[in-house]
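All chains should be modelled from the sequences, with the hints used to inform the complete structure.
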Amino acid sequence: MDELDREILSILRKDARTPYTEIADDVGTSEGTVRNRVERLVEDGVIERFTVATRTGNVKSMIEVGVDVDVDTAAVTDRIAEWPSVDFVWQVSGEEDIVVVVDATDTGEVNDLITRARELDEVVSTKTRLILDERVG
1 MDELDREILS
11 ILRKDARTPY
21 TEIADDVGTS
31 EGTVRNRVER
41 LVEDGVIERF
51 TVATRTGNVK
61 SMIEVGVDVD
71 VDTAAVTDRI
81 AEWPSVDFVW
91 QVSGEEDIVV
101 VVDATDTGEV
111 NDLITRAREL
121 DEVVSTKTRL
131 ILDERVG
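Here UniProt numbering is used: the first residue of the sequence shown is 1, the next is one more, and so on.
Any given hint could turn out to be false.
[As the list claims (entries may be wrong)] Now the in silico label distances, taken between C-beta atoms and shown as ranges:
id, residue 1, residue 2, range
1, 25, 72, 44 to 54 Å
2, 74, 44, 19 to 29 Å
3, 25, 81, 33 to 43 Å
4, 131, 78, 18 to 28 Å
5, 1, 74, 44 to 54 Å
6, 112, 42, 17 to 27 Å
7, 107, 25, 41 to 51 Å
8, 13, 86, 14 to 24 Å
9, 131, 69, 27 to 37 Å
10, 36, 74, 24 to 34 Å
11, 93, 121, 17 to 27 Å
12, 33, 118, 45 to 55 Å
13, 111, 19, 15 to 25 Å
14, 112, 30, 23 to 33 Å
In short, the hints are calculated from the structure, not lab data.
Since the structure is predicted, the reported quantities are computational estimates derived from the model, not experimental observations.
Don't be surprised by glycine CBs; every beta carbon is placed ideally from N, CA and C.
See the structure below:
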């Protein structure tokens, strides 16, 4: 990946729907070059998906989950990722092992997800943080 790829990615991170012609103008190359670069970044797995960020007025939160030492964290992460209202699931380093980013309709739904996580045999702890404000970089 070179500097041009990084510039294209920076633009797409802010708005994945930015037309290739606009990106080309911004980075000083042709639309075809941008299209080819994006296709290659997708094929190489650098771009995993194009997504939509929303401002729904819902309750956004991060549920930090700790699991037992002998647990397959990836398997737990995969299960949690399938739950409704879950936007992202990250495996992280530090005190906790997994962070679940949630976009719930209300605090009751957040609490239901916390309870569901605590009911998993592999889970030993949870901590929850409400997201008060969000900025896109």
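Hint-by-hint comparison with the structure:
1. 25 to 72: 44 to 54 Å: holds (47 Å)
2. 74 to 44: 19 to 29 Å: holds (22 Å)
3. 25 to 81: 33 to 43 Å: Holds: the Cβ-Cβ distance is about 37 Å, inside 33 to 43 Å.
4. 131 to 78: 18 to 28 Å: holds (23 Å)
5. 1 to 74: 44 to 54 Å: About 25 Å separates the Cβ atoms of residue 1 and residue 74, which means 44 to 54 Å is violated.
6. 112 to 42: 17 to 27 Å: violated (35 Å)
7. 107 to 25: 41 to 51 Å: holds (45 Å)
8. 13 to 86: 14 to 24 Å: holds (21 Å)
9. 131 to 69: 27 to 37 Å: holds (29 Å)
10. 36 to 74: 24 to 34 Å: holds (33 Å)
11. 93 to 121: 17 to 27 Å: holds (23 Å)
12. 33 to 118: 45 to 55 Å: holds (50 Å)
13. 111 to 19: 15 to 25 Å: violated (42 Å)
14. 112 to 30: 23 to 33 Å: violated (50 Å)
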